[in-house]
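Build the full structure now, drawing on both the sequences and the hints.
So the protein lines, in turn, are chains A and B.
Numbered by the working numbering, the letters in the first sequence go through residues 75 to 591 in order.
Numbered by the working numbering, the letters in the second sequence go through residues 75 to 591 in order.
Note that these hints are calculated values from the structure, not bench results.
Wrong hints could be hidden among the right ones.
The list cannot tell twin chains apart, which means a pair is met if one copy fits it or any two copies do.
[As the list claims (entries may be wrong)] Below, simulated DSS-like cross-link-like pairs (lysine-lysine); rule was C-alpha separation at most 25 Å, straight line:
#1 K356 / K579
#2 K562 / K471
#3 K247 / K562
#4 K562 / K456
#5 K179 / K507
#6 K456 / K471
#7 K201 / K456
There are 2 protein chains.
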Amino acid sequence: MIGRWDIFELSAQGPQSGNPFTGPQLKGVFRSSQEEKTVSGFYDGEGRFVIRFMPSFEGEYTYRVEGDFLPEPLQGTFFVGSPSEDSHGPVRVRNRYHFAYEDGKPYYSVGTTCYVWELQDDVMVEKTLETLSKGTFNKIRFCIFPKHYAYNLHEPRSYPYKGTPMDSSVLTKANFFAYGPDSAGNQWDYTAFNPEHFRHIEKCIAALRDRNIEADLILFHPYDRWGFSAMSREDDERYLEYVIARFAAFRNVWWSLANEYDLIRSKTKEDWEHIGSFIRSKDPYGHLRSIHNCMPFYDHSAPWITHASIQRQDIYKTAELTGEWRERWQKPVVLDEIAYEGTIQYGWGDLTGEEMLRRFWEAACRGGYPGHGETIPDENEKLWWSHGGELHGESWKRFRFLREIMEMTPGIGLRTSDMQEWDDVVAEPEEEKYRGSYYLCYYSFMRPSFREFRFDNGTVYKAYVIDTWNMTREYAGTFSGSFIVPLKARQYMAVQLIAEGEYRKPTPPRIPKLIES
Amino acid sequence: MIGRWDIFELSAQGPQSGNPFTGPQLKGVFRSSQEEKTVSGFYDGEGRFVIRFMPSFEGEYTYRVEGDFLPEPLQGTFFVGSPSEDSHGPVRVRNRYHFAYEDGKPYYSVGTTCYVWELQDDVMVEKTLETLSKGTFNKIRFCIFPKHYAYNLHEPRSYPYKGTPMDSSVLTKANFFAYGPDSAGNQWDYTAFNPEHFRHIEKCIAALRDRNIEADLILFHPYDRWGFSAMSREDDERYLEYVIARFAAFRNVWWSLANEYDLIRSKTKEDWEHIGSFIRSKDPYGHLRSIHNCMPFYDHSAPWITHASIQRQDIYKTAELTGEWRERWQKPVVLDEIAYEGTIQYGWGDLTGEEMLRRFWEAACRGGYPGHGETIPDENEKLWWSHGGELHGESWKRFRFLREIMEMTPGIGLRTSDMQEWDDVVAEPEEEKYRGSYYLCYYSFMRPSFREFRFDNGTVYKAYVIDTWNMTREYAGTFSGSFIVPLKARQYMAVQLIAEGEYRKPTPPRIPKLIES
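The structure is reproduced here in structure tokens:
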């Protein structure tokens, strides 16, 4: 017996002659009283053909798996029990701008980026998983293909295809910019996958799942000296089918079509639309799908996109624009890149911990979902942002506190409240029935010594003063009507107001008569 | 003998009967071989009629002063010598976006705001002048009319008109918003000035002049419970003529038509255009003129406006927009309000010193002129921003260092360089002939551990690393071509590059191939 949203897997030996990757695969139909799914298998090397299925319901399932090379279909029955305690199913969009697991538990995304953590050596991968076990993050964004860029000139642990890479001994810190997808010396057979590469990534996805972390898989990216970003459409489709057949049965998978789609010169908008629709049609489970930009945003209103995956366009105003992006695309906004805490030479990787945390709160209080990255090189020039390992910064220690506050939201999700004035960030529950019951007011880089509140709804609020940096939450009194909450004249403070008993929606303030002086 | 740009003053006794403020005044013509100016006088009370003149040249002047009540014109000769060491004349616009004193000395404006410092008691005024003697600021923005607002409920030391104010004992912290220019109980004779009020302000203007500080006089403002912001056009004109006759001969005067023009409900765009043109036509010396906004910017392309006086519209992106504003109005940009260092309850007055200083450098390196204010209440709820006194913050201590760096600019003024990339702020001299000779690169809130420079101009640069917060400037080496400057992974750092010997303009970098990762 397996649990709901676990993986049911079958395998069969088949022919190794010819190219088993491009030949016939297993194909199965899985049925219960509540669903019926047709699923494709994949070739795992050494004559082993595999098929995987994730049941979305409890109860009895039957299956029928066919394969040209099978003497007769595999048929049988299995029973799906209740999910294990930590299993809540795939993450879905809820309340238009938010997420919940399939079982209804709210999912407040607090992500990080480690582009190729899983392609480092075993010691490093183990270290990363240890760091991730601390429960800081519930999403991690990483690539299936290896990465070529500053601090990323070494060979990955494995390649996705059979063949040989270009000679990397020619690379230097100064010349690596000259190498791209068309670099000479790469010899790949795009019809023959390297199962070991994918098997290892699967192990990593499973390890993330066991830590309640979503695996936001980046399918294509431009930081490439091998050519994987510039394959033909046929090769892309073969790759996507293989990835879906192997990974889609993991409940914690998200599809990120690209990191910085616009820097992949060989793909057009039409290519991305094709890839998006292709994944949508092939993935039996409807995992979340998005695409991440460098400069111009992708048009996230495309029907195959479930949420906006954002890289900020401006270096000053980043998470502050969450509301605009929600409006524009009417979808959840995941700020996968709002620059990273770090000390490197690039403007995308040299934020203080304070500024990274500030952007997190700005995004969260505006009803968006912030993402982290860390670019503080260790003595071997390894950086969390790409290699994983240990975290050396300050912001990450403070994200769980933020998530705990987020999880206090009545219903699912926050939005900007009409009670917001020009000089604060005021969040309220997304769900209308809770309006007036809860406010989270954030003061960002400002440091007022107190703030004045004016409610006309008669509701009685318990007020808590939150120091987002020092992670304290102190009871400040119970109030209604007009009242003052003292704030210590420190940066990164918030006030949380929680209705006691009955509540009503207040009338928002008019634009203050004198906003300035 | 007086010095160039000093004040030549004559007075005569006249009739006290009727209303001497509205009756005939002295009128004079002042002539030298290089200029001829017609100037109006004013009534100073107790039968004393005064006329003032500021000579813009050295040499012999003759004058002829008439007045209806004089038996015959006053005529004579005086000699204007060289200016005293600290006297450089009125500040003028130079190089389109910048300023210089009339004698050509560059003027890098570093202003502050103390709205009614001069209307406090003698002890406080003295304390403010003592603070200003430290040489931090070379401009101060303040009002001729008293101010009514939070922290400003008490009576001023004097009123500009004869009459009586409303009873201020009715005011409380909670109800003061309810009082405006139409409040009951004010009884003023707008045809009869209170010379003592203006005489005192003159003393203050002179005290500023003697400290090399420009007096940016705010003529109208909305924070008013007395009615001075809602007078008739006739009353406004009488007031402006009086102010010009009294103050225009001070070389350090600037005219700010309004603080937050858009909050003065009783004046229209047409009124402001009229006032602007009126001042332009009446002021014999062409002092600088602007008008300051609360929400919508004034259209600073108006011909009577010499420079844009800006209050930022956004709480996050402020000084960073200096370049846009320069482009829009093709005039100097003075950021008179980019929020203040403080701890009060309002978002315009609760910045840290670090953030205030960061905005200063952002503005300065983009070829604009930043302004300060401080809202840290002392034990008597007095704040520099309005009352003057002592400074309690941290940013002001670091402005002279900034000005010293600014004064190292070859020629007059900085502008954004084509060498600027997406993640730095790079300034170069405004004057074309100096391009390639000097760069000031600022890293703002970012904290790179080093930066890479790539020049193709063959120029040899001495590099200095500047810590804008700790006020250090350290020699980092002499370089040309591609080189690296280490930066300590701290916030608020800058790199200054000064050409050694011959220099050429380099080719700007293309948009970096890979700006992000």
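Homo-oligomer pair classification [K579, K356; C-alpha up to 25 Å]: neither (45 Å within a copy, 56 Å between copies)
Alpha-carbon proximity between K179 and K507, which holds within one copy, between copies, both or neither at 25 Å: within (18 Å within a copy, 66 Å between copies)
Alpha-carbon proximity between K562 and K471, which holds within one copy, between copies, both or neither at 25 Å: both (22 Å within a copy, 24 Å between copies)
Identical-chain pair category, K456 with K471, by Cα at 25 Å: within (20 Å within a copy, 39 Å between copies)
Intra- versus inter-copy proximity for K562 and K247 (alpha-carbon distance at most 25 Å): Cα proximity of K247 and K562: across copies only (20 Å, versus 47 Å in one copy).
Within, between, both or neither: K562, K456 at alpha-carbon 25 Å: between (39 Å within a copy, 19 Å between copies)
Status of K456 relative to K201 across identical chains (alpha carbons, at most 25 Å): within (12 Å within a copy, 55 Å between copies)
Comparing the model with each earlier hint shows a violation of hint 1 alone; every other hint is respected.
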